[in-house]
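**Q** These are the residues of each chain, in order.
Protein chains: 4
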Amino acid sequence: MQDGIGPAVESLIRVRYAETDKQGVVYHANYIIYFEVGRTDFCASAGYPYPRMEEDGVFIVVVEAAARYRKAARYGDELTVLTRFGGFRSRGCSFHYQILLPDGTLSAEGETHHLFLDSAGRPRTVPEAVRRAFATFTAS
Amino acid sequence: MQDGIGPAVESLIRVRYAETDKQGVVYHANYIIYFEVGRTDFCASAGYPYPRMEEDGVFIVVVEAAARYRKAARYGDELTVLTRFGGFRSRGCSFHYQILLPDGTLSAEGETHHLFLDSAGRPRTVPEAVRRAFATFTAS
Amino acid sequence: MQDGIGPAVESLIRVRYAETDKQGVVYHANYIIYFEVGRTDFCASAGYPYPRMEEDGVFIVVVEAAARYRKAARYGDELTVLTRFGGFRSRGCSFHYQILLPDGTLSAEGETHHLFLDSAGRPRTVPEAVRRAFATFTAS
Amino acid sequence: MQDGIGPAVESLIRVRYAETDKQGVVYHANYIIYFEVGRTDFCASAGYPYPRMEEDGVFIVVVEAAARYRKAARYGDELTVLTRFGGFRSRGCSFHYQILLPDGTLSAEGETHHLFLDSAGRPRTVPEAVRRAFATFTAS
Numbered sequence: 001m002q003d004g005i006g007p008a009v010e011s012l013i014r015v016r017y018a019e020t021d022k023q024g025v026v027y028h029a030n031y032i033i034y035f036e037v038g039r040t041d042f043c044a045s046a047g048y049p050y051p052r053m054e055e056d057g058v059f060i061v062v063v064e065a066a067a068r069y070r071k072a073a074r075y076g077d078e079l080t081v082l083t084r085f086g087g088f089r090s091r092g093c094s095f096h097y098q099i100l101l102p103d104g105t106l107s108a109e110g111e112t113h114h115l116f117l118d119s120a121g122r123p124r125t126v127p128e129a130v131r132r133a134f135a136t137f138t139a140s
Numbered sequence: 001m002q003d004g005i006g007p008a009v010e011s012l013i014r015v016r017y018a019e020t021d022k023q024g025v026v027y028h029a030n031y032i033i034y035f036e037v038g039r040t041d042f043c044a045s046a047g048y049p050y051p052r053m054e055e056d057g058v059f060i061v062v063v064e065a066a067a068r069y070r071k072a073a074r075y076g077d078e079l080t081v082l083t084r085f086g087g088f089r090s091r092g093c094s095f096h097y098q099i100l101l102p103d104g105t106l107s108a109e110g111e112t113h114h115l116f117l118d119s120a121g122r123p124r125t126v127p128e129a130v131r132r133a134f135a136t137f138t139a140s
Numbered sequence: 001m002q003d004g005i006g007p008a009v010e011s012l013i014r015v016r017y018a019e020t021d022k023q024g025v026v027y028h029a030n031y032i033i034y035f036e037v038g039r040t041d042f043c044a045s046a047g048y049p050y051p052r053m054e055e056d057g058v059f060i061v062v063v064e065a066a067a068r069y070r071k072a073a074r075y076g077d078e079l080t081v082l083t084r085f086g087g088f089r090s091r092g093c094s095f096h097y098q099i100l101l102p103d104g105t106l107s108a109e110g111e112t113h114h115l116f117l118d119s120a121g122r123p124r125t126v127p128e129a130v131r132r133a134f135a136t137f138t139a140s
Numbered sequence: 001m002q003d004g005i006g007p008a009v010e011s012l013i014r015v016r017y018a019e020t021d022k023q024g025v026v027y028h029a030n031y032i033i034y035f036e037v038g039r040t041d042f043c044a045s046a047g048y049p050y051p052r053m054e055e056d057g058v059f060i061v062v063v064e065a066a067a068r069y070r071k072a073a074r075y076g077d078e079l080t081v082l083t084r085f086g087g088f089r090s091r092g093c094s095f096h097y098q099i100l101l102p103d104g105t106l107s108a109e110g111e112t113h114h115l116f117l118d119s120a121g122r123p124r125t126v127p128e129a130v131r132r133a134f135a136t137f138t139a140s
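Residue numbers (our numbering), protein chains in the order written: chain A, 1 to 140; chain B, 1 to 140; chain C, 1 to 140; chain D, 1 to 140.
Just so you know, these hints were derived from the structure itself, not from any lab. You may find that some hints are simply not true.
[To be verified] Here are the simulated DSBU-like pairs of lysine-lysine, each with C-alpha atoms no more than 35 Å apart in a straight line:
id, chain 1, residue 1, chain 2, residue 2
1, C, 71, A, 71
2, B, 71, D, 71
3, D, 71, C, 71
4, B, 71, A, 71
Extracted from the complex, chain A is given alone in its bound form (with noise of 0.2 Å):
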């Protein structure tokens, strides 16, 4: 199965020892950030850096987030963070995340699901520039 629409961006992340847990292998929650530096770079090379879109006055925030844990991952593993685009809603987006162990096994898998918001915290249509370059790099 290969959710999301168009190519993946890859990131490499080496597990720290502050993300492991007292069982030894890393603690569930931050593979909720691994997702996060997928969707930073997803951002980056769809044309579109995170921060410039802050700096432009949109603000990207979570409303639902979903993992699926299937095989632990250790201290100084080097994981592969999959990022797919899920595609637009009205008012927001969402993308698709895989993350692999050094042998290429899946480690975990989920989705987190986003609406857009202008500088004043309001709900805002997707903006036109974001439209364009994640529909550009999808395509490609």
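For this one, chain A is given, so just place chains B, C and D on it according to the hints.
**A** The following block gives chains B, C and D in isolation, referenced to the frame of chain A:
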């Protein structure tokens, strides 16, 4: 809507500065940690504290987690986590969570699904003592 | 040895699973977050809650932090943070912290040094209201 | 000033959204985690990766950590961590760190002090293989 079986266990959490992000609100992955606080309190209230489980060679791992975000929590807010049991599966169980802002409105809700492992990390059936403790509690 | 001026403010913290690492104990950087919890409680006890400071345009930043670790804290431990005021400098102040295990032995201790900033991020003298609140409290 | 012995090991860290706080900058405790990333890379560069140490029954614990903050790092910044060895003590060692902003200015610096433990958690002398690896590297 009220997911879960039996009474809710209530946890109080004061939002830390460390848990906020540059949007001025609680970073979304931290709610998954708040769920863990609720789950820990649930196990203690149900008469089988999770630290004791691990001493008894029973480990609970998270196989799925999901959160839906409604209204952002802020630094200094005292949040209430309501945790309800979601029932057993053959080798696992689930929990439901609601996180309320100080004025009682819903900040976030979600659920986690778990597997029971033995101390060698193999899936195992639900320990009888856990089943009994949770069943008694949810029937109360 | 008892560093700091005046009474200690006491905070209770239950160690979260998320805060442990693969050595089975609290990851060392998390004690710096426990210090923050103590500092927040100190400001509230001294009559000038930190969230109010920021509303009043006064921001406290950390310019130095140090911790010495004595005995590891573990998942489920209820820790006591004792926070004492360390005095004012021209544009800053400091705090001292002791973190105690459930049996009263010292887990860690440390201190943080701070600068006061205005809402534009420029160093400023200690706000008179803060000075008065902390001075009254430490003399109590 | 350049603390530490021998060459600096360089680590690159991209600041995550999760690592910022409501002041819009990196939360101070996270620099202590950046130090850990630097230390991990130092051990790998010196020929004795820390994951291998733990497999060999050698555990390094932190007994002291300190950081001095100069200029705040922000979301998206690519930081450079420079880690230098601080020398051995009878049963421990230390490391020095400098964290640089993308333009090369100093964001923070600090040091950590460590003890070596055996797998039973007792202090032990510096393992000969570690001493040799680090001595060779710092003399390089």
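**Q** Take the hints in turn and mark each one as holding or not.
**A** Hints, verified against the model:
1. C/71 with A/71: Measuring from Cα to Cα gives roughly 32 Å; hence the hint holds.
2. B/71 with D/71: holds, 32 Å
3. D/71 with C/71: holds, 32 Å
4. B/71 with A/71: holds, 32 Å
Violated hints: none; the structure is consistent with every hint.
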